[in-house]
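Trainee: Here is how the chains run, residue by residue.
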Amino acid sequence: MSWRELSYLTLPRFILIAGMLSLPFLVPGMYWQRVISIVCIYAILALSFDFLAHYVGLVSLGGAFFIGTGGYIAGILNSYFSVPPFLTVPLAAIIGGVVCTLLLLPCLPLKGVYFAIVTLMYPLFMARIIEAFNIFGGTDGLVGIDSFSSSFAEQYFVICMVLIFLFGLRRFVTTDRGLIFTAIMDNDQAVRASGINITRYKALAVFIASSMGCMAGACLTHIYMWSGISQFALDFSILPIAATVIGGSGSLVGPILGCLILVPVSELLRDFGTLRIVFYALILVGFILFKSGGIMEFGQRKYEQFERWTKI
Amino acid sequence: MIKSKDPKMTTPILRMDNISKRFGGVQALKNVSFDVFPKDVLGIIGPNGSGKTTIVNCITGFIKPTSGNVFFKGRDITGRPPHKIADMGVTRTFQVMRPYYSLPAYKNLVIPLFSPRAKRTGGWGGGGNLGNRQTIAIDILEDIGFERDSYIPFKKTSTLPTGYLKRLELARCLALKPEIIICDEVFSGLSMSEIASMVPLIERLQDEGITIIMIEHRLRELFQVANRVMVLNFGEKLIEGNPVDVMADKQVKEAYFGSEEVEEVMTYA
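Protein sequences, first through last, are from chains A and B.
Per this note's numbering, the first sequence starts with residue 1, numbered consecutively.
Per this note's numbering, the second sequence starts with residue 1001, numbered consecutively.
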């Protein structure tokens, strides 16, 4: 393999990693640095959505459910048991993953839009329960939660998590175990006839996706030093899907690029108040109409053409 | 010429005992009982809607019979989930083929090779060692007629012709090192030459000790391989036995065959 071929293969990955790691230095001011953290949290969610939807065949609208569960678990651990943030985040990922998987277990036989509807109900349901029983601080939420030790640590932690999850998942879906998920998406009956318990594998997939979401939720709690009902807001379910559509579904990198575009755009449009939804919708419609494959598909095609360039 | 492979009248490997299945107002199966002996090739024939596929589904656990029991090697397997039944070695192909279209052909076999049964038995031809599943998958495909040199095992499944897809379905069963394969219309949709190359494969599987149940509409080809035939009509078993006797039966002629075809089949036999 020549030096040129090697650099052709590694360059896109290198640009992504280097770009993500240098983001905290590149952006000006506290405000935009906070936006980076939020971008990464949405990116982890979008990654988990893309994995579930395009590698397992479960279209999940449960992003808000995962964020809320993870956020509340981190909040409870920190404010009631004063567990430090570097422990609450992994604990929230594991406990949250187990809780979400157990609650979603009855819905696993469902497919497609039916699974989407049920997962959409969970965040609404959880928020109303917390409100009605006035538990975990009720409508005020849990306040006075510890933040990360510094904003630097906070940003690098979430950035590293995005990169680890991205490359981990990309590798995982091509392993033999990962292929089973793709097979379940294509034809679950044949997988059952092959002597494999599909419910177990679907549960494993939901556990992976929900613990990613819960980890993102725990980070969100520590960033805002607060966990409350608004963590079950449907933004967390919808924005990752929009980001996946824009970035390129099924590529796993696409959702991250989508978040890198959509979240800052929605911050820039903050001045327009509620009108920003209109701009937002226009971007989305534009992409669906003109570049339905998303940025990644387009970019990849262009990059592969570039490989064949020769001097005449 | 119909081969008279009389099964050794030992204990049946699979026993259907008074199976009935009702879908709402439709009686799909009515007290169907039959035995399958080791190394049998049992053909199940009948007009459309006579309950053939329902029988397959009842055996493999995809639907639960309303009443009656299925015994595999003397154990009652009625109502067990499909993956448990497949794990015991009772595998099936699907009438409507839906392979894993997003994967290349050989990766279709990685899935059954990853199952607990394949890990235990080592897959088809494997000696208990599943070191590299993808290599084993390509070996199985080559064995079943995918020419390795022609790059066919590496092609995307969605681009393969029907003949290969049917073989892929069989390969998916074989990867589990099965004891019984239930073929739900493997010949349908194939050209004559494709069928001609499929028949020796079925015969070979029987020689290797696999019990085969075949649901078929292609009678001529079925009678080349089957040693016993059962006829279903409106969910009821009409007759079971040697293909020559079954064809000669008056009831069967009336219920199922156009007289023309029976003559044709009989001369062939």
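Check the hints yourself; a few may be wrong.
DSSO-like, lysine-lysine: derived pairs with alpha carbons at most 27 Å apart [to be verified]:
| no. | chain 1 | residue 1 | chain 2 | residue 2 |
| --- | --- | --- | --- | --- |
| 1 | A | Lys291 | A | Lys302 |
| 2 | A | Lys111 | B | Lys1084 |
| 3 | B | Lys1030 | B | Lys1064 |
| 4 | A | Lys302 | B | Lys1156 |
| 5 | B | Lys1119 | B | Lys1030 |
| 6 | B | Lys1030 | A | Lys291 |
| 7 | B | Lys1030 | A | Lys302 |
| 8 | B | Lys1073 | B | Lys1119 |
| 9 | B | Lys1084 | B | Lys1073 |
| 10 | B | Lys1073 | B | Lys1039 |
| 11 | B | Lys1177 | B | Lys1253 |
| 12 | B | Lys1177 | B | Lys1084 |
| 13 | B | Lys1156 | A | Lys111 |
| 14 | B | Lys1155 | B | Lys1177 |
| 15 | B | Lys1084 | B | Lys1064 |
| 16 | B | Lys1030 | B | Lys1253 |
| 17 | A | Lys111 | B | Lys1064 |
| 18 | B | Lys1084 | B | Lys1119 |
Ranges of calculated distance between the beta carbons of each label pair, as one might list FRET restraints [claimed, not checked]:
| no. | chain 1 | residue 1 | chain 2 | residue 2 | range |
| --- | --- | --- | --- | --- | --- |
| 19 | B | Tyr1101 | A | Ile238 | 24 to 34 Å |
| 20 | A | Arg301 | B | Gln1095 | 33 to 43 Å |
| 21 | A | Arg170 | B | Arg1204 | 50 to 60 Å |
| 22 | A | Leu275 | B | Gly1189 | 36 to 46 Å |
| 23 | B | Arg1120 | A | Thr175 | 37 to 47 Å |
| 24 | A | Arg301 | B | Arg1148 | 22 to 32 Å |
No lab work stands behind these hints: they were computed from the structure.
C-beta atoms are modelled at their ideal positions from N, C-alpha and C, and glycine is treated no differently.
Trainee: It remains to establish, for every hint, whether it holds in the given structure.
Mentor: Structure-based check of all given hints:
With a C-alpha separation of about 13 Å, the suggested pairing of lysine 291(A) with lysine 302(A) holds against the 27 Å cut-off. Only pairs whose Cα atoms come within 27 Å are accepted, and lysine 111(A) paired with lysine 1084(B) is accepted, the gap being roughly 22 Å. Distance hint between lysine 1030(B) and lysine 1064(B) is fulfilled; the C-alpha atoms sit about 14 Å from each other, no more than 27 Å. As the CA atoms of lysine 302(A) and lysine 1156(B) are separated by approximately 23 Å, the hinted pair is consistent with the 27 Å bound.
For the given pair, lysine 1119(B) sits about 38 Å from lysine 1030(B) by alpha-carbon distance, which is inconsistent with the 27 Å threshold. Among the hinted pairs, lysine 1030(B) with lysine 291(A) is inconsistent with the structure: their alpha-carbon atoms are about 56 Å apart, more than 27 Å. As the CA atoms of lysine 1030(B) and lysine 302(A) are separated by approximately 62 Å, the hinted pair breaks the 27 Å bound. Between lysine 1073(B) and lysine 1119(B) the alpha-carbon distance is near 22 Å, which keeps this suggested pair within the 27 Å criterion.
A threshold of 27 Å between alpha carbons decides the hint, and for lysine 1084(B) with lysine 1073(B) the separation of about 14 Å falls inside it, so the pair holds. For the hint pairing lysine 1073(B) with lysine 1039(B), the CA-to-CA distance comes to about 13 Å; that is within 27 Å, so the pair holds. Distance check on the hinted pair: lysine 1177(B) and lysine 1253(B) sit about 38 Å apart at the alpha-carbon level, beyond 27 Å; violated. At most 27 Å may separate the alpha-carbon atoms for a hinted pair to count; lysine 1177(B) and lysine 1084(B) meet this at roughly 15 Å.
For the hint pairing lysine 1156(B) with lysine 111(A), the CA-to-CA distance comes to about 25 Å; that is within 27 Å, so the pair holds. A C-alpha spacing of about 24 Å is found between lysine 1155(B) and lysine 1177(B), which places the hinted pair at or below 27 Å, so the restraint holds. A hinted pair counts as satisfied when its Cα atoms are at most 27 Å apart, and lysine 1084(B) with lysine 1064(B) qualifies at roughly 14 Å. Between lysine 1030(B) and lysine 1253(B) the CA atoms are separated by roughly 21 Å; this keeps the pair inside 27 Å, and the hint holds.
Annotation: proposed proximity of lysine 111(A) to lysine 1064(B) holds, straight-line Cα distance about 21 Å (limit 27 Å). A threshold of 27 Å between alpha carbons decides the hint, and for lysine 1084(B) with lysine 1119(B) the separation of about 14 Å falls inside it, so the pair holds. At roughly 29 Å, the beta-carbon separation of tyrosine 1101(B) and isoleucine 238(A) lies within the given 24 to 34 Å, and the hint holds. Distance hint for arginine 301(A) and glutamine 1095(B): a CB-CB separation of about 38 Å, consistent with the stated range 33 to 43 Å.
Between arginine 170(A) and arginine 1204(B) the beta carbon distance is about 41 Å. The supplied range of 50 to 60 Å is therefore violated. Taking 36 to 46 Å as the suggested C-beta distance range, the pair leucine 275(A) and glycine 1189(B) does not conform, at roughly 57 Å. The hint said 37 to 47 Å for the Cβ distance between arginine 1120(B) and threonine 175(A), and at roughly 21 Å that hint is violated. Separation of arginine 301(A) from arginine 1148(B) is about 31 Å and conforms to the stated range, judged on CB atoms against 22 to 32 Å.
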